[in-house]
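**Student:** Protein chains in written order, with this note's numbering: chain A, 1 to 213; chain B, 1 to 213; chain C, 1 to 213.
Quick caveat, the hints were computed from the structure, so don't treat them as lab data.
Fair warning: this is a prediction, and the values are worked out from it, not measured in the lab.
Errors might be hidden in some of the hints.
The list makes no distinction among identical chains, and a pair is therefore deemed to hold if it is satisfied within one copy or across any two copies.
To be verified - The calculated lysine to aspartate or glutamate pairs, modelled on DMTMM-like cross-linking and capped at a C-alpha distance of 25 Å, are:
id, residue 1, residue 2
1, K178, D71
2, K178, E121
3, K35, D158
4, K178, E3
5, K35, E150
6, K35, D11
Listed below, chain by chain, are the residues.
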Amino acid sequence: VNETIVGLDADTQRTLELIGLFVFALSGALLAVRKSYDVVGMAVLAFTTACGGGIVRDVILGDTPPIAFRDLAYLLIPLAATIAVFVGHRAISTHLLGIGAVFDAAGLGLFCVTGTVKALEFGVRPAPAVTLGVITAAGGGVLRDVLAQESPAMFRADSVLFSIPAAVGAALVALAWKGDWYSGFVGGGAALGVFLLRVSAIQFDWHAPRPRP
Amino acid sequence: VNETIVGLDADTQRTLELIGLFVFALSGALLAVRKSYDVVGMAVLAFTTACGGGIVRDVILGDTPPIAFRDLAYLLIPLAATIAVFVGHRAISTHLLGIGAVFDAAGLGLFCVTGTVKALEFGVRPAPAVTLGVITAAGGGVLRDVLAQESPAMFRADSVLFSIPAAVGAALVALAWKGDWYSGFVGGGAALGVFLLRVSAIQFDWHAPRPRP
Amino acid sequence: VNETIVGLDADTQRTLELIGLFVFALSGALLAVRKSYDVVGMAVLAFTTACGGGIVRDVILGDTPPIAFRDLAYLLIPLAATIAVFVGHRAISTHLLGIGAVFDAAGLGLFCVTGTVKALEFGVRPAPAVTLGVITAAGGGVLRDVLAQESPAMFRADSVLFSIPAAVGAALVALAWKGDWYSGFVGGGAALGVFLLRVSAIQFDWHAPRPRP
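Turn these sequences into a full structure, and let the hints guide you.
**Tutor:** Put into structure tokens, the structure is as follows:
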């Protein structure tokens, strides 16, 4: 069988990626609702949250136009999320903390692994490839918060771990790549580890350390 | 005659573009005055508002350095706008709502058409080309607001239609391009349509829909 | 002897650049502490402040991946600054105004010259090369402030001259390059001039002009 870089068949990986994009886009559109933006603000924040991290990664790698401007799904899914939130934002807000957070964590795991591998394939060295993996997974959320005049969630001391699980998973991928023992099994394990770390962080309220005031 | 992509002769299009850049730059420099910035803040906001959208488009297309760093007019016009606002911001503020809004709408129409066509020429598919057309015309204003710590005007529910007219015009261009019936007449018509929609939106206070709270 | 573009030997220039990066990174990490961010926010702001200007320059020039993703020092130095600030931010805050401001000014001088020369070497014309030189030296600080929801320091009327000295030095470099009389002596003199202008601006409280309210 032809397995992907995270050890899944291509259709399964694609499905997971699209779900991840959709959940990221939902969080952008919901923030726009909380800020009382109109439908334009919703669509821009949905697209930025879902695709911003990958766009920054591709621009930095020089892989232009970025995948978000070549693959129509990257445009249509944020539009679908915008419509869903426009119609049913109250229902979505209520339920997002549950099932949404699970898919959000899955997206985090998947995108940090695929982003790191893409950077390594482009010849970037392991340490900056880890940075690009984290940017892929977490950059869209930072851009969303900056556009919406919010303090970036992942910087705040009261936020539960988000980018540190991604950095751990990306580091494992880079280490395996450099040591020549990377496989779909390793990639899938790294994505799964990121997912479990993130879900545990939410469950047990884990925070990144902060300096003493 | 050699007509341009919007059906004008090259000199007329160039003149309109430079006026559009100047009016965009004025809005950046005027915001800097309202924020009590110094002349550096004025110049940065003027340049960002006028050129930011096109820079983002060119970086995404991989057409580097972007046109704003090759054509001196893209640097000199924001400087001229900065000087004009520095000397006469009271007079300009008072009169901008009238004649300025007209040229601003003309810039919106022109830049969304030229941005969309450029993206299509670079092989981008119709839907993302529309996105890049809107980014060309509206992206500078978003960057201006983010740099100046303002909620982006085009996201706010109380703002009159701005990016939706641009999206409509860009979609018409992309449709014509894909259907192989694009001509200067179509491009010029799309730009004119965007202009009229925008001016009508200001006149009749049209807003984008927003979700029920 | 092989002298660099600022008339120093390669090791001396490298040392000065790394010190400049470290001091820029310190200012990012210290801002994160003032904003009560966690260690993730500190690391992101340290990296952005130190490397953001050069990343924007390289993306605009099409020199991808940017140097910050090829040279490991650009990643490790912000991490070192993050650890230093995490452990000793009180001591560093107290002493930064003195010795830190001197190295910050040295970084400003060095990076605006190297950034301008790099742009000229990539075939950019003198005026936009000056812009790119200033972006190299000052862009990281603007990105830091935008990410941290602060009004960009260099826009504010109460800030002492920062980007104007950089623009003067970059203009001298571009003039010499165009006139074919550029040498390491000129580059070093420009960097030194920027340094002295900046230090004088701090010492004598020089501000950029602002329009009458």
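**Student:** Now tell me if each hint is right for this structure.
**Tutor:** Now the hints, each set against the structure:
no., hint, verdict
1, K178 <-> D71, "between (30 Å within a copy, 17 Å between copies)"
2, K178 <-> E121, "within (11 Å within a copy, 34 Å between copies)"
3, K35 <-> D158, "both (20 Å within a copy, 12 Å between copies)"
4, K178 <-> E3, "within (20 Å within a copy, 36 Å between copies)"
5, K35 <-> E150, "both (10 Å within a copy, 13 Å between copies)"
6, K35 <-> D11, "neither (36 Å within a copy, 44 Å between copies)"
Hint compliance for this structure: hint 6 is the single one not met.
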